[in-house]
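There are 2 protein chains.
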Amino acid sequence: MAGFSFQVEARDGRARAGRLTTPHGEVETPVFMPVGTAGAVKAVLHRDLREIGARILLANTYHMMLRPGDALVAGLGGLHGFTGWDGPFLTDSGGYQVFSLAALRKLDEEGVRFRSHLDGSAHLLSPERSMEIQQNLGADIAMAFDECPPGDAPREAVAEATLRTTRWARRSKDAHRRADQWLFGIVQGGVHLDLRETSARELVAIGFPGYAVGGLSVGEPKPGRDRVLEHLDPLLPADRPRYLMGVGTPEDLVDSVARGIDMFDCVLPTRNARNGQLFTRSGRLSIRNAKYRDDPRPPDPDCPCPTCRTASRAYLRHLHQAGEMTAATLMTVHNLFYYVDMMRAMRQSIRLCRFEEWRGATLRRLAAAEE
Amino acid sequence: MAGFSFQVEARDGRARAGRLTTPHGEVETPVFMPVGTAGAVKAVLHRDLREIGARILLANTYHMMLRPGDALVAGLGGLHGFTGWDGPFLTDSGGYQVFSLAALRKLDEEGVRFRSHLDGSAHLLSPERSMEIQQNLGADIAMAFDECPPGDAPREAVAEATLRTTRWARRSKDAHRRADQWLFGIVQGGVHLDLRETSARELVAIGFPGYAVGGLSVGEPKPGRDRVLEHLDPLLPADRPRYLMGVGTPEDLVDSVARGIDMFDCVLPTRNARNGQLFTRSGRLSIRNAKYRDDPRPPDPDCPCPTCRTASRAYLRHLHQAGEMTAATLMTVHNLFYYVDMMRAMRQSIRLCRFEEWRGATLRRLAAAEE
Numbered sequence: 384m385a386g387f388s389f390q391v392e393a394r395d396g397r398a399r400a401g402r403l404t405t406p407h408g409e410v411e412t413p414v415f416m417p418v419g420t421a422g423a424v425k426a427v428l429h430r431d432l433r434e435i436g437a438r439i440l441l442a443n444t445y446h447m448m449l450r451p452g453d454a455l456v457a458g459l460g461g462l463h464g465f466t467g468w469d470g471p472f473l474t475d476s477g478g479y480q481v482f483s484l485a486a487l488r489k490l491d492e493e494g495v496r497f498r499s500h501l502d503g504s505a506h507l508l509s510p511e512r513s514m515e516i517q518q519n520l521g522a523d524i525a526m527a528f529d530e531c532p533p534g535d536a537p538r539e540a541v542a543e544a545t546l547r548t549t550r551w552a553r554r555s556k557d558a559h560r561r562a563d564q565w566l567f568g569i570v571q572g573g574v575h576l577d578l579r580e581t582s583a584r585e586l587v588a589i590g591f592p593g594y595a596v597g598g599l600s601v602g603e604p605k606p607g608r609d610r611v612l613e614h615l616d617p618l619l620p621a622d623r624p625r626y627l628m629g630v631g632t633p634e635d636l637v638d639s640v641a642r643g644i645d646m647f648d649c650v651l652p653t654r655n656a657r658n659g660q661l662f663t664r665s666g667r668l669s670i671r672n673a674k675y676r677d678d679p680r681p682p683d684p685d686c687p688c689p690t691c692r693t694a695s696r697a698y699l700r701h702l703h704q705a706g707e708m709t710a711a712t713l714m715t716v717h718n719l720f721y722y723v724d725m726m727r728a729m730r731q732s733i734r735l736c737r738f739e740e741w742r743g744a745t746l747r748r749l750a751a752a753e754e
Numbered sequence: 384m385a386g387f388s389f390q391v392e393a394r395d396g397r398a399r400a401g402r403l404t405t406p407h408g409e410v411e412t413p414v415f416m417p418v419g420t421a422g423a424v425k426a427v428l429h430r431d432l433r434e435i436g437a438r439i440l441l442a443n444t445y446h447m448m449l450r451p452g453d454a455l456v457a458g459l460g461g462l463h464g465f466t467g468w469d470g471p472f473l474t475d476s477g478g479y480q481v482f483s484l485a486a487l488r489k490l491d492e493e494g495v496r497f498r499s500h501l502d503g504s505a506h507l508l509s510p511e512r513s514m515e516i517q518q519n520l521g522a523d524i525a526m527a528f529d530e531c532p533p534g535d536a537p538r539e540a541v542a543e544a545t546l547r548t549t550r551w552a553r554r555s556k557d558a559h560r561r562a563d564q565w566l567f568g569i570v571q572g573g574v575h576l577d578l579r580e581t582s583a584r585e586l587v588a589i590g591f592p593g594y595a596v597g598g599l600s601v602g603e604p605k606p607g608r609d610r611v612l613e614h615l616d617p618l619l620p621a622d623r624p625r626y627l628m629g630v631g632t633p634e635d636l637v638d639s640v641a642r643g644i645d646m647f648d649c650v651l652p653t654r655n656a657r658n659g660q661l662f663t664r665s666g667r668l669s670i671r672n673a674k675y676r677d678d679p680r681p682p683d684p685d686c687p688c689p690t691c692r693t694a695s696r697a698y699l700r701h702l703h704q705a706g707e708m709t710a711a712t713l714m715t716v717h718n719l720f721y722y723v724d725m726m727r728a729m730r731q732s733i734r735l736c737r738f739e740e741w742r743g744a745t746l747r748r749l750a751a752a753e754e
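In the order they appear, the protein sequences are chains A and B.
Residue numbers in the first sequence follow our numbering, run continuously in steps of one, and reach 754 at the last position.
Residue numbers in the second sequence follow our numbering, run continuously in steps of one, and reach 754 at the last position.
Because the hints were derived from the structure by calculation, they are not lab data.
All clues stand as given, with none of them false.
Label pairs and their computed distance ranges (CB to CB):
(1) Glu739(B) / Asp563(A): 49 to 59 Å
(2) Arg734(A) / Gly408(B): 40 to 50 Å
(3) Lys489(B) / Ala750(A): 51 to 61 Å
(4) Asn672(A) / Arg488(B): 26 to 36 Å
(5) Ser499(B) / Arg397(A): 52 to 62 Å
(6) Gly460(B) / Arg664(A): 19 to 29 Å
(7) Leu501(B) / Glu434(A): 27 to 37 Å
We put the beta carbon where it would ideally sit given N, CA and C, even for glycine.
Build out the structure end to end from the sequences listed, making use of the hints.
Dropping the structure here:
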């Protein structure tokens, strides 16, 4: 498709360093995509996102369809025109949020009827409606509409959701028209390797330019997730981008890149920042802790981010305790820089064929700090 | 005093264009000082303040003494070291806030005993304590401790407060030791010209490097304020900076520069931004208004600020309605730019001896828009 490409430029074990080209620019992978739920990453201006090296943002179909509405966004030039972010966007399918946020859900083969968590208004999300919304939003990458069962769902329910996700993926592809937008399929199947395998094979048979792995940020145990990724690695086309949805901690990202994942999104760095938790090279730091009240050091003395260059722990703690919005801004900038910078480091180590060495050292340092 | 100076560089009528030099840099006047209550301008990073041309910030003695505490700030290098703002700071005396925010106030000649609005703890603010706090905070400019009666106080109460403010000004000067900090006196007297005259004469006799006019942002009618400023103009030393505390609207600033004021602070541009009200060259704009929901224009099409260069009314309205913090950031940046830029325009027109022409055109445009 014009304007799009993906190349794997280097491999080290299962880990891959690649380059994703979109109509709104190139993205080096592995990549972390900050979550811009309502068309804006919470507490951080676009300019600061660019400065710290964020290259592609995620926006939520569910939130945007309800407010301000996808037709309105389309009339203002789509997400790019509306928000002013001129780099690539990815929109999710709406499936995950409709199952976690919406009230009075009613699911059938057509789709999901639900009431808005904002004003109770009635809506339908279906493969066709999700494609309509995502084409209105005009992100560079759209996602097939999927059913995402909870992590503790019984196998029967997961199996049914997985088969439905495949049928919905076919309908999504049929309903998708925009030539300037890539549509990715989503593999479901919980922690059941046979269901995952069926899902992957059927989606690959339908054919998508990229594949996401859904349903692995819903409370399942980490060994189960790792096994799923290892099982999927040979099943997914080696030359297509792979996106692990909604995951996760720094350790999760490292361990998933080790299993061949190229793209990630997660609210953890942004949400935790607003709650006063900072990710640092030597573990997590809760700025509320009284011991930081007169600590003149930056959050992470080894970090070159704009926050660590200018703000002390004492100042950040004060701003957080005083309820100042700039506390959220400064700490979100740091956490996103940490995530983006970690992806850069992984990419570099893969290109140098030293990923396992980097991974071991990084995980050891994080584990030591957690003690 | 070393590192400090003030020169009036141009006059046009009573209006003055000057240059204030402090140990942390020069400030061209007339100047608007954004309010950084807790050592941070709400919702805006220091870098953005610098970019839009803000040169000197105000911090509130009352807030900083209670949280994080002035001794802690002193230990971290004063306001400059603590906050990382490397330009000039001014601290108020604490008087205004203790009369408007604190609980269980008890006023006598020594000072004001009160309970913190945060945790109920008992405190004393007196001239000596205010000087101790302000010297701990280490702003470039400190203010004498004053009593600020409400705008509807009877003449007797205003007279008493004015005389006490003079006595407290003398004690403030006696208690002030820092050679790298200027201490300004505060003229009180409400809208009573004779009380204002007495206050000004006595403060000038004590002798300060600069003079503030207090008690004119407390609900008094505007003609009363204008008369006070006109009356004070010949009474205050022509070569000293004059600071009108807590005022005000764009029209207020224009009309007060016309009466010889050099320095201003006010929460209006920052507070209104957080409530969705934008100041524009053609009047005020409430971003909540439904007519802006699909308006692709920037808030002020004639404005070169970072917000107007990148964000539409529709996007700002969406962010505001969705409760996104970046709505406050983007709109505060615009409103502060508007204020700072208006001061630049006034300065320029004074230097060109075209202030009255500029003032008339500006006020006419604002008045037309309010209709």
